[in-house]
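Protein chains: 2
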Amino acid sequence: MAGKETIIAEERLLALATRALASGGVSEEEAALAARVLVLADMFGLHTHGIIRIPQYLGRVRIGGIDARADVVVERVAPGLAVVHGHNGIGPLVGMRALQAALEGARTVGIGAAFANGSNHFGPIVPYCFLAAQEGCASFIASNATTTIAPWGGRDTRVGNNPLGMGFPSPGGDPIILDIALSVAARGKMRALAAEGKSMPAGWAVDNEGRPTTDPKAGLGGFLLPVGGHKGYGLAVMVDLFAGLLSGAAFLTHVSAWDKNPEAAQNLGHVFLVINAGKLASNTTLAERIADFRSILTSTPAADPAAPVMLPGDREMAAYRRAREEGVRVLTADLAEVEKLTTAAP
Amino acid sequence: MAGKETIIAEERLLALATRALASGGVSEEEAALAARVLVLADMFGLHTHGIIRIPQYLGRVRIGGIDARADVVVERVAPGLAVVHGHNGIGPLVGMRALQAALEGARTVGIGAAFANGSNHFGPIVPYCFLAAQEGCASFIASNATTTIAPWGGRDTRVGNNPLGMGFPSPGGDPIILDIALSVAARGKMRALAAEGKSMPAGWAVDNEGRPTTDPKAGLGGFLLPVGGHKGYGLAVMVDLFAGLLSGAAFLTHVSAWDKNPEAAQNLGHVFLVINAGKLASNTTLAERIADFRSILTSTPAADPAAPVMLPGDREMAAYRRAREEGVRVLTADLAEVEKLTTAAP
Numbered sequence: 379m380a381g382k383e384t385i386i387a388e389e390r391l392l393a394l395a396t397r398a399l400a401s402g403g404v405s406e407e408e409a410a411l412a413a414r415v416l417v418l419a420d421m422f423g424l425h426t427h428g429i430i431r432i433p434q435y436l437g438r439v440r441i442g443g444i445d446a447r448a449d450v451v452v453e454r455v456a457p458g459l460a461v462v463h464g465h466n467g468i469g470p471l472v473g474m475r476a477l478q479a480a481l482e483g484a485r486t487v488g489i490g491a492a493f494a495n496g497s498n499h500f501g502p503i504v505p506y507c508f509l510a511a512q513e514g515c516a517s518f519i520a521s522n523a524t525t526t527i528a529p530w531g532g533r534d535t536r537v538g539n540n541p542l543g544m545g546f547p548s549p550g551g552d553p554i555i556l557d558i559a560l561s562v563a564a565r566g567k568m569r570a571l572a573a574e575g576k577s578m579p580a581g582w583a584v585d586n587e588g589r590p591t592t593d594p595k596a597g598l599g600g601f602l603l604p605v606g607g608h609k610g611y612g613l614a615v616m617v618d619l620f621a622g623l624l625s626g627a628a629f630l631t632h633v634s635a636w637d638k639n640p641e642a643a644q645n646l647g648h649v650f651l652v653i654n655a656g657k658l659a660s661n662t663t664l665a666e667r668i669a670d671f672r673s674i675l676t677s678t679p680a681a682d683p684a685a686p687v688m689l690p691g692d693r694e695m696a697a698y699r700r701a702r703e704e705g706v707r708v709l710t711a712d713l714a715e716v717e718k719l720t721t722a723a724p
Numbered sequence: 379m380a381g382k383e384t385i386i387a388e389e390r391l392l393a394l395a396t397r398a399l400a401s402g403g404v405s406e407e408e409a410a411l412a413a414r415v416l417v418l419a420d421m422f423g424l425h426t427h428g429i430i431r432i433p434q435y436l437g438r439v440r441i442g443g444i445d446a447r448a449d450v451v452v453e454r455v456a457p458g459l460a461v462v463h464g465h466n467g468i469g470p471l472v473g474m475r476a477l478q479a480a481l482e483g484a485r486t487v488g489i490g491a492a493f494a495n496g497s498n499h500f501g502p503i504v505p506y507c508f509l510a511a512q513e514g515c516a517s518f519i520a521s522n523a524t525t526t527i528a529p530w531g532g533r534d535t536r537v538g539n540n541p542l543g544m545g546f547p548s549p550g551g552d553p554i555i556l557d558i559a560l561s562v563a564a565r566g567k568m569r570a571l572a573a574e575g576k577s578m579p580a581g582w583a584v585d586n587e588g589r590p591t592t593d594p595k596a597g598l599g600g601f602l603l604p605v606g607g608h609k610g611y612g613l614a615v616m617v618d619l620f621a622g623l624l625s626g627a628a629f630l631t632h633v634s635a636w637d638k639n640p641e642a643a644q645n646l647g648h649v650f651l652v653i654n655a656g657k658l659a660s661n662t663t664l665a666e667r668i669a670d671f672r673s674i675l676t677s678t679p680a681a682d683p684a685a686p687v688m689l690p691g692d693r694e695m696a697a698y699r700r701a702r703e704e705g706v707r708v709l710t711a712d713l714a715e716v717e718k719l720t721t722a723a724p
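Note that the protein sequences, when read in sequence, are chains V and G. So in this note's numbering the end of the first sequence lands on 724, straight run, no missing numbers. So in this note's numbering the end of the second sequence lands on 724, straight run, no missing numbers.
Don't read these hints as lab results, they were simulated from the structure. Just so you know, not all the hints are guaranteed correct.
Said to hold, decoys possible - Derived CB-CB ranges, DEER-like:
(1) G:Arg700 <-> V:Ser677: 28 to 38 angstroms
(2) G:Glu389 <-> V:Asp670: 41 to 51 angstroms
(3) G:Thr426 <-> V:Glu641: 48 to 58 angstroms
(4) V:Lys567 <-> G:Glu704: 17 to 27 angstroms
(5) G:Ala635 <-> V:Ala669: 22 to 32 angstroms
(6) G:Val452 <-> V:Ala387: 27 to 37 angstroms
(7) V:Ala711 <-> G:Glu587: 39 to 49 angstroms
(8) V:Ala580 <-> G:Thr426: 25 to 35 angstroms
Glycine included, C-beta positions come from ideal geometry on N, C-alpha and C.
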């Protein structure tokens, strides 16, 4: 993190985040649910998707872009399938309702999916995969997003840099969790390089004419390149079909950009898919096989001996354990912004 | 295709492929099921994964590497979940049994998954996604594979170039189907460049010391690089957790290489996951939304006007329609190999 840090107990941060969201009109119970996602994000070290989002969400609530009092409705369409109508509620609340609906399917028929529409930015995916793993479930979770990527071979941004996560439970150990977006690099990294007046590596983005560039400013005005060319483009398309089209949400260019039109409903869509791993293997078998799996990977000779091979999510889980032991590290300035919201409440 | 081609009617090719597989000991009914996958592969233009595989599969049957008479057992562990024990049967048969088991879940509870172990090379993923789409289902299908990729930051091949597919049904139109492996480039492309004495682009592979190389021979002796670095590595890991570890199959370096040890059982694992789209939207709504989705992408200004923007699977679906109209194009030499097998049978 860049800036002065504060270490705060998990429970205190959760209570504070809950009060802050409630100050914007979210019911106490729903605020607690949404706050859980954002506090977990900070515990995982994913600070750009943590409590820092609360002032941003509530800023949109104030101008009518998000409905803090939305009635999030879960419609069960089959024993294993649910549609979650977010009705423009805050994203992590819609996300948590969808996760709960998917988990209900996994409990009753071994596998469950929930498709959410009418949603907003729902935080990072790691917390949802983590919570699914705590319930003994493997997960596949994804969302569509504002368009920032050009279709492969095209010269206009018409696909979102859609985040995609997969999680795997590990009885008695750390779950394995992947959470990636489908561009080579994030816009945030490009903005940082642009601010420092530095160039960026080739292959991150092209300018607004579709020409390769190493100028991060030109890239920010152009569009991001997907990982693996047509492969990343294809994955981004499939995620939007599942999360956006099938859920009944907006898709592709129909998704409104929260930064450009903060007062407009985004109608984002998410897909939550969870599998009850306990129906497929006992905890003992799973634990043994995962220990073997993990050791095959971590024992790989490292290209740089100072950087041993890791599994997806290892960095986040190490941050999480540290946060459980020592308290959650957040930027002091971010914390102050959230505290300000709670004191402004009646 | 490189070489003389023959055009053959779909039904004739299917009958021929079925007889060829049956000549190796596969029962008539099971041979027809497996042949369907390989003939569809040829219809989609995926000839490296089509009927050309039959002599290879039967070669392994002869030396005990594959059991043509294996009893493929479907074990239903929950209304939405099945485990398919392949017992070292031919891959496309295990794959078809798993697809059927997953579709049964989708019919009864809206969503279904099947986890297959004890399998072998199961063909390309496109045919399975296509058949799921014909049943009105969206799909997520993946397999593990022999290790050819190094973990990110590592210097040894310990992860497979695991294929991953996603399909989406399109009522009255072409399904949208993505089928990718997770390396930047395929070993086949590198072999072709090596044979021509050409160099390969940077970023495809590293040599056996983990050093970047543009020499395809050095790359073939080293290891493939995953798309998007840690992103492709992470996806390959997650696929192996779902397809290999959770299914009860071998995983990572435990997977035996069919080309190096053709006489050994591979114990490959697959995951088949299908969603009954009709439970989420009517055919009319789906068709309308997909038409809109498709037109947003295909109307993107193209970087090269001669190469309009496409959706995943468009190329394969065009080949499929042509094969339906004109017959299936196969290499004359490949066809002769398969015919030889049928005449050798008693």
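With 28 to 38 angstroms as the target window, see if G:Arg700 and V:Ser677 comply at their CB atoms.
At 49 angstroms between Cβs, range violated.
Evaluate the given range 17 to 27 angstroms for the C-beta pair formed by V:Lys567 and G:Glu704.
For V:Lys567 and G:Glu704 the Cβ distance comes to about 50 angstroms; the hint is violated.
Distance restraint hint 27 to 37 angstroms, applied to the beta-carbon atoms of G:Val452 and V:Ala387:
50 angstroms, violated
25 to 35 angstroms as the expected CB spacing between G:Thr426 and V:Ala580, which holds or is violated
Holds, at about 31 angstroms.
Given the hint of 41 to 51 angstroms, is the C-beta distance from G:Glu389 to V:Asp670 inside that range or not?
With Cβ atoms ~47 angstroms apart, the hint holds.
Are G:Thr426 and V:Glu641 spaced within 48 to 58 angstroms by their CB atoms?
52 angstroms, holds
Regarding G:Ala635 and V:Ala669, is the given constraint of 22 to 32 angstroms on their beta-carbon distance met?
24 angstroms, holds
So the hint says 39 to 49 angstroms: do the beta-carbon atoms of V:Ala711 and G:Glu587 match that?
46 angstroms, holds
Of the hints listed earlier, those the structure fails to meet are numbers 1, 4, 6, in rising order.
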